[in-house]
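Colleague: Sequence:
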Amino acid sequence: MGGLRRNIFREYDVRGRVDTELTPEVAELVARSYGEWLSETAPGEAGKGVLVGRDNRRSSRALREAVIRGLGRAGLRVVDIGVVPTPVFYFSRVRYGVDGGVMITGSHNPPEYNGMKLARGFGTIYGEDIRELGRRAEALAGGEASGTAGAPGGAAAPAGAEKAAGEGATGATPGGGVPVTYRRPVRAYIRTIADRVRLGPRRLKVVVDAGNGTAGRIAVPLYEALGCEVIPLYCEPDGRFPNHWPDPVKPENLADLVRTVRDTGADCGLAFDGDADRLGVVDEQGNILWGDDLMILFWREILPRHPGTPVIVEVKCSQAVFDEARRLGGSPFFHRTGHSLIKAKMREIGALFAGEMSGHMFFADEYFGFDDAIYAGARLLRILSGSDRPLSDLLADRPRYHSTPETRITCPDEAKFEVVERVRRRYAGRGAEVVDVDGARVIFPDGWLLVRASNTQPALVVRCEGRTPEALAALKAEAMAALKEAGAETGLELPEW
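Residue numbers (this note's numbering): 223 to 719.
Hints in this document: simulated from the structure, not taken from any laboratory. Every clue listed holds true.
The calculated lysine-lysine pairs, modelled on DSS-like cross-linking and capped at a C-alpha distance of 27 Å, are:
hint, residue 1, residue 2
1, K567, K270
2, K472, K698
3, K427, K472
Model the full assembly from the supplied sequences, consistent with the hints where possible.
Modeller: What follows is the structure, given as structure tokens:
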């Protein structure tokens, strides 16, 4: 099997173009490498089997069959949960007591991309573990080319089998294919959230934009079961994503949701990415609430009940989150960006909630601690239904700063970390306060600037925030000057800020 490219092994997952990078042949290699690695490093977990779920992208079915073949060649039992959002995949690991898992999803990326999230224990693997799988896959690819990779482990269950199978059914291809047990966790998932989240007396009207991803067929019946009037928008699964990319972080992807909320007089709008682990929110006026805003709302509910609890603040977040958490009695500290990293830190310190600018929200106070945008939407509806105030008013008193959006500047992978280090040294040498847990967040009396290396793209991530518009303008100029100096040898194309 040729064509294995190292760039598909990212910090948090495996991801690439399905026509040239993450082909079925490559997916089989990765799954086999993962299965063998899991059996060696966690034999007890591997013995429970491996969950396999997938999103509704057109390429996901073929990748699912390849993944099952690869796991079979590693000698593992497969538990197939069908087409599900990533949070249902996480939920299924708890429900069925299966620690290992492969979630096939391109998340918020365009339809020509797909990916694999790989689980072990409670979380998903990342960093050095992902790189180790890459090394193993390369070795297997070399063995395939020379004919020394071992005998096949059988074919995957046929494509029609998963559709026909009921809960707990087992199947395999004729002639000794990979044994597959089928589970269907969606009803249990909906019931679990409906039992845990009870809305207040106010009946809400909510628009749900699933972006033609996996969330629509779950979020709509769930929120209706909670007592809401739900207006569905692009809730039919369509892996081509014909209406907009399923990425609620980009304002252009929320334009139809904004318009529908205004036209229908809805109390709010909820948007999901392709695999429903990231949440976007629009208030009743059509204003977009970013991850910072949502974190403040959720901490205002949680911290009064749990004073002194640690508050993980992603390094890209507004100072408003830090200030508000401290005002509410929490103990905030900055941490690295990345859903796998945040989940691991939450478990380490016993944190009850965390969030990311990108819309990942992690609840461990009344839930399982994984990032679940559908559940996060239900928690937001609970807050809103318990108040007679509109959503826009609930954040009217939040600390206000002036900030840029998260800006990405193309920078070669081999240069991006050195550019960040030069920025860090520039300000540390001047005696400035620099938070360097993830890049360089430089603190000034009237604001801050951040330069960090993206873990998923050949890019730098830049953001600035000031207490006044004038302070923001000065910080933007400062950031551009620092990048111009630090990136002089890489030919950075700086944005027109």
